[in-house]
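Chains as they are written, first to last, in our numbering: chain V, 1 to 286; chain L, 287 to 572; chain P, 573 to 858; chain G, 859 to 1144.
Some hints could be false.
Derived DSBU-like pairs: lysine-lysine, alpha-carbon spacing no greater than 35 Å straight-line [said to hold, decoys possible]:
1) P:826 / P:670
2) G:948 / V:205
3) L:567 / G:1063
Calculated directly from the structure, the hints in this document are not laboratory data.
4 protein chains.
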Amino acid sequence: MRSSLHATLLVSCADGPGIVAALARFVFEQGGNILDSDQHADSRLGVFFTRLTFTLDGFLLARDLIAPSVEALLSPHEPTVEVRFSDETKRGAILVSKTNHCLYDLLLRQEAGELCCEFPLVIANHDTLRGVAEHFGRAFHHVPITKETKAAQEGVIFELLERERIDFVVLARYMQVLTPAFVDRYPNRVINIHHGFLPAFQGAKPYHQAHKRGVKLIGASGHYVTADLDEGPIIAQSVVPVSHSDSIRDMVHKGRDLEKSVLANAVRCHVEDRILVYANKTVVFD
Amino acid sequence: MRSSLHATLLVSCADGPGIVAALARFVFEQGGNILDSDQHADSRLGVFFTRLTFTLDGFLLARDLIAPSVEALLSPHEPTVEVRFSDETKRGAILVSKTNHCLYDLLLRQEAGELCCEFPLVIANHDTLRGVAEHFGRAFHHVPITKETKAAQEGVIFELLERERIDFVVLARYMQVLTPAFVDRYPNRVINIHHGFLPAFQGAKPYHQAHKRGVKLIGASGHYVTADLDEGPIIAQSVVPVSHSDSIRDMVHKGRDLEKSVLANAVRCHVEDRILVYANKTVVFD
Amino acid sequence: MRSSLHATLLVSCADGPGIVAALARFVFEQGGNILDSDQHADSRLGVFFTRLTFTLDGFLLARDLIAPSVEALLSPHEPTVEVRFSDETKRGAILVSKTNHCLYDLLLRQEAGELCCEFPLVIANHDTLRGVAEHFGRAFHHVPITKETKAAQEGVIFELLERERIDFVVLARYMQVLTPAFVDRYPNRVINIHHGFLPAFQGAKPYHQAHKRGVKLIGASGHYVTADLDEGPIIAQSVVPVSHSDSIRDMVHKGRDLEKSVLANAVRCHVEDRILVYANKTVVFD
Amino acid sequence: MRSSLHATLLVSCADGPGIVAALARFVFEQGGNILDSDQHADSRLGVFFTRLTFTLDGFLLARDLIAPSVEALLSPHEPTVEVRFSDETKRGAILVSKTNHCLYDLLLRQEAGELCCEFPLVIANHDTLRGVAEHFGRAFHHVPITKETKAAQEGVIFELLERERIDFVVLARYMQVLTPAFVDRYPNRVINIHHGFLPAFQGAKPYHQAHKRGVKLIGASGHYVTADLDEGPIIAQSVVPVSHSDSIRDMVHKGRDLEKSVLANAVRCHVEDRILVYANKTVVFD
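Throw the hints in and build the complete structure from the sequences for me.
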C-alpha cells in the first residue's frame, strides 16, 4: 500500500479543536485515503503538528492546489503547510572531505533502497574520494576551500547544486564550517553529522575531549545546520559504550559505526518528510 | 492536555478508504477533539487497526452509546470496537510465587504514577511475599496450589478477582501454569513475563538452556497468556549481553532487571489501551 | 570458586616490564592461586594498573603484611597498593532526600545478593523515606540541612558514619551539595548519581535542559564526588531514547530507570573493588 | 605499545593452582613483557582458559619453540596451546552470493584498519559481486554451485584457498550449506552470519519466521560453522527492535545493519585471536 502513489502533508499551526477532523474530511472528500497520520501538540507553546500520508490515485484536486487549499481550510490557525509527492524523489548532494565511511554508507543504502532519494552529486574539498563516487557512477567535483577562497568556492558549489536541481545537502564528515550565506540558502536542508553527543563536546576533536573527560559512552548527533556551529536542531543521536581501555583511535573506530548509522537515520527521516522544525528542535514522526 | 478527561477508541476492521475520515468526523461532530491517533494496516490480511484518543469534556454522546455508534458507522467493515475512559482506572491483580523483584517493581511504578492503574490485590501460592504487599497496603491472599488442588484453588482466585472487580491479571513470576479455564475467562487480559527471548528457550529453566547453548544475549518476553504455554502474543521483549564469564547465577541477576522492565512495559501498554491482538500477534501503538 | 575466601589486590605504578610476572610469582610463592587478573597501561602517562584476585586459603603471609610486601616488591615502580578481603564486607551509608526509587533499588539489590555490601544506615534531609528504611530494617536518621546549618549538620553525619564504621557513601538523589570538608574526608568513596549525560547538562534541572535543547537521548552518570560539582571521575553512564512526544515528566519517569541502574552499577563496581582512579578518570575492571 | 611486535598465547587446560604464575614467570624469564592477560575457569568442567599477550622484542626463545615449551611447562594439566605472532597477519577468504552489504562492510573495515587481517580472495556462487571485489583490488572467483556439483566445486574452492594460503573463511551471506568435508577441513575457522537470533529461527527465512511469530526484536548471530547447520559455537549476537509496523522488507533492511556489525565483530575477535572453543561454546576475551 505504502508503495502506491501518495502525498505527504506536513502542517504546523496554532492548536485548537477540529484540526484532525478537518484534514481527514478534506482528504476523504477529495478522494484520498489516509494511509498514515501522526500528530503532536506542544501544550506549552500551543502549537500543533501533523503529518498525513494519503493516496493520490483518483485524488480530485490538482497537486499544486493542495497546499493552498489546506492553508485556506486551516487559516484561523495560521498554518505552515508543505506537501510532498512520492514520485518526486528528493535529490541530495553529499559533501565530503577525505574520510570515506559515511559516503560509502549513504550510497550503499541508497542503492539498496533504504534511502528513497537520489544522490547524483558528490562534492569534496579534497580529491581523495573521487574513486568512490565514480565506482557508484556519481558525478564528483573537487572544490578545494581555504579560508580566503571559501566565499568564492561556495559560489561554485551553489552553481553545481542548482545545475543538478539539488534539494538537500548532506555533510558527510565535510570538516568545513559553512558560511551564513550557505546556511541561509538551504534552511533545514543541510544535514550534518557531529561526532559527539551534543550538546557535550561541541566543536573540534570531540573524541579527544571525550577521552580526556573519561566518559563511558561516546555519541554522534545528526542535525540541521544553522548559523551557530553544532547548535542546530537535533534529528537523531546514538551512543556506544567505551571504557578506559579504548584509546582515541579505538574511539574513532567505534565512532565510525555511530556516525554512519546516525547520519543515515537523519537522512532517512529527512527524505521521508518526517521532520518538522520549531523552536530549534525537531518533531520526528516515526 | 493529556491529563484532561478523555476516551480511547480501539478499532479493528476490514481495511478500506475513508475509515480515518469517518472516525475523525464522528469525533468532531460529537464535540470531541482528537488528541492522538495512530493506525496500522496489515496489507496481507486486509485488516485495519486504529487507536484514537479524544477529549470527553462537552462530548455530546453518552458514554455507553459511543461503541454502538462507531460499530454502526463502520458496519460495512465489520469492526471490533472498544472504548475506554480515562477516569475508569483499570484494576489489576498481581499473582506471585516467592520472588519479589517484579512485585516491588510494579507496585513502586504504580505508586510513582508510571502505571495508571490500581493493584488492590496480590495473590500468591506461597506466603513469602505477604510483607511486601502489606508494606504497600495491598490485600494479600495466600492460595497454595498443588497439581491436585489447582482447579479448585483457581476457583478461589476467581472469587477474589470478582469480589475486587479485577480487570486484568499480571503473572509476576508466578511459576504456575494456568488452567485453560483461567485463560478462557480472561482472554488477552493475563500478562506473563517469560524469562527468555521467545520463541527461543521456551518452557522451564530458560537461563540454564541459554547458558548451555552459549548465547551472547539473554532476553525476557512479556506476553498475553493463551492455552499454549509461552506461545501467546508477544507484547514486549528486551535483551542484555552476557559472556562466557557469566554463570547461571549471574544470568539470573542480569535477567531480573530485564524481567522487571519488560513486564512493566507490557503492563503499561495494556493499561493505557495501546494493544490490539490479532493472528496471535500484537499491534502496540506508541 | 569465586565464592571461596579471596583477596583483591589493586595496584597503580609506573609502567615497566616484569610487573605482572613479579606479582604472579609473589602470589604463587605465598600459596595463593590467581582467580582473576586484569591490567591496563596508559601509554601516554606511563602508568600501569592491575587488579588481581587470589585465594586466601593456605596463604602464608599475614593479611596485614600483603600490602607492604607488594609495595616492597614493586618499589622501583613507586606503586600505590590496596588490598581487600572477601570476608570484610564494605559498609555503605545511603544519603537521600524525598525520592525513593534509588533507595528501594539499592536495598533490594543488596538483599538479593547483587551488591556484596551492607547498608546499615540511611540518612536523609527530609523525613519522607523513614518508612522505606524501616521496612528493610535499616537505621534511619533525619538530618535536615539548610545553607546556614550545613557545616554543623555534616558534623552530625560524620558522627553517624563513624559510629557505624561506614566505608563509603552513596548519594541516592540526595539533592545537596557536599562541603569540601566532606569530600576531602571520603576521597573516591562518595558515589553520586547525576541525572544527565555528563559533561552535558551539568548542574540543576538536567531534564529541563535536555528538553529545551531537544536531545534524542537522555542519560545518567554515576561518579565519585570531588570538590567540583559534577566534575568527578565518571564510573558508569547510560542513556535512553526520548522523542518530541516526551514531556519533562516523561523524561523524569524514563530517567528513574536509568538512575537506578547506573547508580547500582557504579556501587557494584565500587564494592567489588573494580575501580582505580587517576587523572580524574576511572579504570573500571570488568 | 600494542602496536609493537608481540605474541598471543591461547591455552586451555585442566584447572589448578599456579598456572597463571607459571606462565607469567615463563614469559618474564624469556625476556617478554606481558601486555595483556585474561583468564576464565569453567568450574563445572574444571577447565581453565587463558589468553596472554607479550612483547617479542628481545624474547630469548625461538618462535617455534614457544608452544612446545608451554606444553611442557603445563604438561600435568594436559594443555592445548596456540601461539600467534602480530607480524603474521591472518589471510581470509570471503564467500558470498548476491548480497553485497557484508562484503562491502568487511573490505571497508579491513582497509580502515579495524580488522587486522588480509582478504585477498572473494569467492562467489554468482557473478554479481565481481565489481565490488575488483573495486577493492581483490581476486574474485565465480564458482557456481548446484546440489550435484557441490562436492566437486568445493574441491575448486579448496584449491583456491590453498593457493592463496588462506587461514580462515567468512561466509558473508553465502547462502550455501557447506559439506561436512569443508567443515572438517577448517575446524573453528569458518565464520558464518545467521540472520536470526540463534537458537530461535534456525534454518531458512528467519525474518519470515520472526514476522509470523510477532517478535519485538530481531537478531543476528555470528558463529563458527559445524556439521550441524546453525548449531555451531556462537561468537557474537545482537538485536534491533521491530514493531507491528515493520514489514518483512523493513526487517530485511534493519537486519542488514545487524548482520554487518555482528559479522565484523565475530571476524575481529577471530583475527585478534580472542576466541577459545569448548563444549560447543566460545570463550571470547575482550
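Here's how the hints hold up against the structure:
The straight-line distance between the Cα atoms of residue 826 of chain P and residue 670 of chain P is roughly 18 Å, inside the 35 Å bound, and the hint therefore holds. At roughly 33 Å between alpha-carbon atoms, residue 948 of chain G and residue 205 of chain V fall within 35 Å of each other, so this suggested pair holds. In summary, the hint linking residue 567 of chain L to residue 1063 of chain G is supported, as the alpha carbons are separated by about 19 Å, within the 35 Å threshold.
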